[in-house]
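**Q** Listed below, chain by chain, are the residues.
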Amino acid sequence: MVVEQMAGNLIQGLVLGAVYGMATMGLSLIFGVLKVVNVGHGAFIMVGAFIALLLFNTLGINPVLAVPLAFLFGLGLGLLFYYSVMQRLIKAPELATLLATFSLGLLLQEVVKLLFGSEYRGYNWAVGKIDLGITVLPMSKLYACAGSALIAVLLYLWFNKTRAGSAMRSVVEDSEGARVCGVNVGAAYALSFSLGIGLTVASGVLLTMFIPVGINPYMGGHYTLKAFVIAVLGGLASPYGAFFGGLVFGLLENGSYTLFALIPGVEPFALTRFFSFLMLLIILLIRPTGLLSEKRT
Amino acid sequence: MLNVKRVESGYGSMQVLWQPSIQVKKGSITSLLGPNGVGKSTLLNTIFGSIEPWGGEVYYEEENVTRVPTHKKVEMGIALVPEGKHLFSNMTVYENLSMGAYLKRALAHKEESLELVYTLFPRLKERTQQLAGSMSGGEQQMVTIARALMTRPRLIMLDEPSQGLAPKLVREVFETIQKMKEEIGLTILLIEQNAEASLEAADFVYVMHEGIIKAQGTPDQIKGSAEIREAFLGI
Ligand SMILES: Nc1ncnc2c1ncn2[C@@H]1O[C@H](COP(=O)(O)OP(=O)(O)OP(=O)(O)O)[C@@H](O)[C@H]1O
Ligand SMILES: [Mg+2]
Chain A
1 MVVEQMAGNL IQGLVLGAVY GMATMGLSLI FGVLKVVNVG HGAFIMVGAF IALLLFNTLG
61 INPVLAVPLA FLFGLGLGLL FYYSVMQRLI KAPELATLLA TFSLGLLLQE VVKLLFGSEY
121 RGYNWAVGKI DLGITVLPMS KLYACAGSAL IAVLLYLWFN KTRAGSAMRS VVEDSEGARV
181 CGVNVGAAYA LSFSLGIGLT VASGVLLTMF IPVGINPYMG GHYTLKAFVI AVLGGLASPY
241 GAFFGGLVFG LLENGSYTLF ALIPGVEPFA LTRFFSFLML LIILLIRPTG LLSEKRT
Chain B
1001 MLNVKRVESG YGSMQVLWQP SIQVKKGSIT SLLGPNGVGK STLLNTIFGS IEPWGGEVYY
1061 EEENVTRVPT HKKVEMGIAL VPEGKHLFSN MTVYENLSMG AYLKRALAHK EESLELVYTL
1121 FPRLKERTQQ LAGSMSGGEQ QMVTIARALM TRPRLIMLDE PSQGLAPKLV REVFETIQKM
1181 KEEIGLTILL IEQNAEASLE AADFVYVMHE GIIKAQGTPD QIKGSAEIRE AFLGI
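In the order they appear, the protein sequences are chains A and B.
Note that our numbering has the first sequence beginning at 1, numbered continuously upward.
Note that our numbering has the second sequence beginning at 1001, numbered continuously upward.
No lab work stands behind these hints: they were computed from the structure.
As the structure is a prediction and not an experimental result, all values here were calculated from the model.
C-beta atoms are modelled at their ideal positions from N, C-alpha and C, and glycine is treated no differently.
Keep in mind that the hints are not guaranteed to be accurate.
Capping the alpha-carbon separation at 25 Å, the derived lysine-lysine pairs in PhoX-like fashion look like this [what the hints assert, rightly or not]:
1. A:K161 with B:K1125
2. B:K1026 with B:K1072
3. B:K1179 with B:K1125
4. A:K161 with B:K1104
5. A:K161 with B:K1072
6. B:K1025 with B:K1072
7. B:K1223 with B:K1026
8. B:K1223 with B:K1168
9. A:K161 with B:K1110
10. B:K1072 with A:K91
Sample of chain A residues facing chain B (criterion: CB under 7 Å; computed from the structure) [stated by the list, open to error]:
11. F56
12. N57
13. E94
14. D174
15. E176
16. G182
17. N184
Each pair of labels, with its calculated beta carbon distance range [unchecked claim]:
18. B:W1054 with A:G221: 35 to 45 Å
19. B:G1164 with A:P268: 55 to 65 Å
20. B:R1067 with A:A92: 51 to 61 Å
21. A:A96 with B:P1069: 19 to 29 Å
22. B:E1063 with A:L80: 33 to 43 Å
23. A:L65 with B:G1164: 48 to 58 Å
24. B:G1137 with A:K91: 23 to 33 Å
25. B:W1054 with A:G122: 55 to 65 Å
26. A:Q87 with B:M1014: 44 to 54 Å
27. A:P268 with B:M1014: 33 to 43 Å
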């Protein structure tokens, strides 16, 4: 019984984990190329969730189409924020970029709240479900999982098989080295920032499949925390490391939930959040460069 | 080929370059000497454009390139081997060299360039699949120089290429620099701590001190002046 429950939850965890991973790739990409930690990460996820909600409720556009639209919107938003704010802070002390991304996050939250109010909302994309015996998976979640994996693969191919991707990798490795090879480092910064924001906003659409009534201007903070844990798991600077970090995190979160639920008198959901923090601490203590980090030093 | 006129630049509000002017003749090795911290690297980075000039002008083949962005300078045939290695440590030697052929003009000649680079550094040919970060200091320096050659430069600026190398390897680096001049016909602007070796190799020498050019001349003239040697070079 417990074993079946565990197996069922782990499958759910893997499906959610893929989306978590996809939702962290943007954070890792921006950190890898610009060495900037986007503290406002969750707010961009929230923007994506609102895009999905509004497109679905007002225009009847389904989330599959909302993903590329959200991605394009995020690209634009990223470019806007890069050239208006981030560009002049690249060489500034870290605190400046932390405060800047933090403020951009707050700004987005307040704008969305002004426009759409702060109550919890949601939508229901009913596309059926499949019964695996040990657990039931809504098709919407499976699509989100498949979409995440597809995006991760596309990003991997772009990074490793294209000229622009190799320029991006060289900037991740050593921006001075990239510059002397003739890479336009400023353009690489702008591109990776907007690509990172685009991916993050798109991931917000995918995450709505898992939160039927959880869309709210302040929903992002929660995901910022998870994304940090996942990014550290995945080695911080590597977007596809982040994807695998997300899978691991989804498994651990759901697995631990099942185990915590066995302890009488505890509220398992609250404990899983504590568990995220604990994992972050432990990983930082034993492998500060991240568990799946490719750095061979 | 390169004509630098009274450039100024620095970091934040701290001015480092106080209008030094230098010229590099086509096909020559020009050496920039001077003690630590006088602004040699700052001058090279300002010429290349990784540091924005505050004032003055840089001419490359009669063209004013003072504010031309770095990627365009590389396309025009200016290469910089920066101080410290700035290799891509998690990429293989081959991938590092390929990055040198990133721009169109270089990409079109990639195979030729590889051949040239392998003749110059036969050791790299045996190590194409090794991660650059796992190579020895001397080998890493070869990769850095080779990567710069892959951009197909006409002017190459080297910032202390023999830094931290054993005497035997220092000699190899200088031999390579001679070959780059004689066999490839490159024009070379060289920063070196190693004043003696540098004076041997150079056709013309500038001595820099506190952001200005204190002395200039042929190696013989510099060697002949006890004053310059004692005051700025410590030899
Ligand atoms: N990135 C930087 N930020 C602030 N100050 C810097 C920076 N780089 C160099 N400086 C300062 O500028 C001055 C000139 O430095 P530069 O690196 O040009 O000297 P150098 O002649 O190349 O010295 P070395 O022989 O040690 O390489 C020094 O006082 C140095 O401390
Ligand atoms: Mg220097």
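**Q** Hints first: check each against the structure and report whether it holds.
**A** Here is how each hint holds up against the structure:
1. A:K161 with B:K1125: Within the cut-off at roughly 23 Å; holds.
2. B:K1026 with B:K1072: holds (20 Å)
3. B:K1179 with B:K1125: Holds, at about 18 Å.
4. A:K161 with B:K1104: Holds, because 17 Å separates the two Cα atoms, which is no more than 25 Å.
5. A:K161 with B:K1072: holds (24 Å)
6. B:K1025 with B:K1072: Given that 25 Å is the threshold and the Cα spacing comes to 21 Å, the pair holds.
7. B:K1223 with B:K1026: Distance ~23 Å between B:K1223 and B:K1026 Cα, so the pair holds.
8. B:K1223 with B:K1168: holds (23 Å)
9. A:K161 with B:K1110: holds (17 Å)
10. B:K1072 with A:K91: holds (22 Å)
11. F56: violated (42 Å)
12. N57: violated (46 Å)
13. E94: violated (16 Å)
14. D174: Hint on A:D174: holds, closest Cβ of chain B at ~5 Å, below 7 Å.
15. E176: holds (4 Å)
16. G182: holds (3 Å)
17. N184: holds (4 Å)
18. B:W1054 with A:G221: 35 to 45 Å: Roughly 43 Å apart at Cβ, these two residues keep to the hinted range, so it holds.
19. B:G1164 with A:P268: 55 to 65 Å: Given a distance of about 56 Å, which is inside 55 to 65 Å, the answer is holds.
20. B:R1067 with A:A92: 51 to 61 Å: Violated, at about 22 Å.
21. A:A96 with B:P1069: 19 to 29 Å: Roughly 24 Å apart at Cβ, these two residues keep to the hinted range, so it holds.
22. B:E1063 with A:L80: 33 to 43 Å: holds (35 Å)
23. A:L65 with B:G1164: 48 to 58 Å: Cβ of A:L65 to Cβ of B:G1164: about 57 Å, so the range 48 to 58 Å holds.
24. B:G1137 with A:K91: 23 to 33 Å: About 29 Å separates the Cβ atoms of B:G1137 and A:K91, which means 23 to 33 Å holds.
25. B:W1054 with A:G122: 55 to 65 Å: holds (56 Å)
26. A:Q87 with B:M1014: 44 to 54 Å: At 23 Å between Cβs, range violated.
27. A:P268 with B:M1014: 33 to 43 Å: Hint violated: Cβ distance 57 Å, outside 33 to 43 Å.
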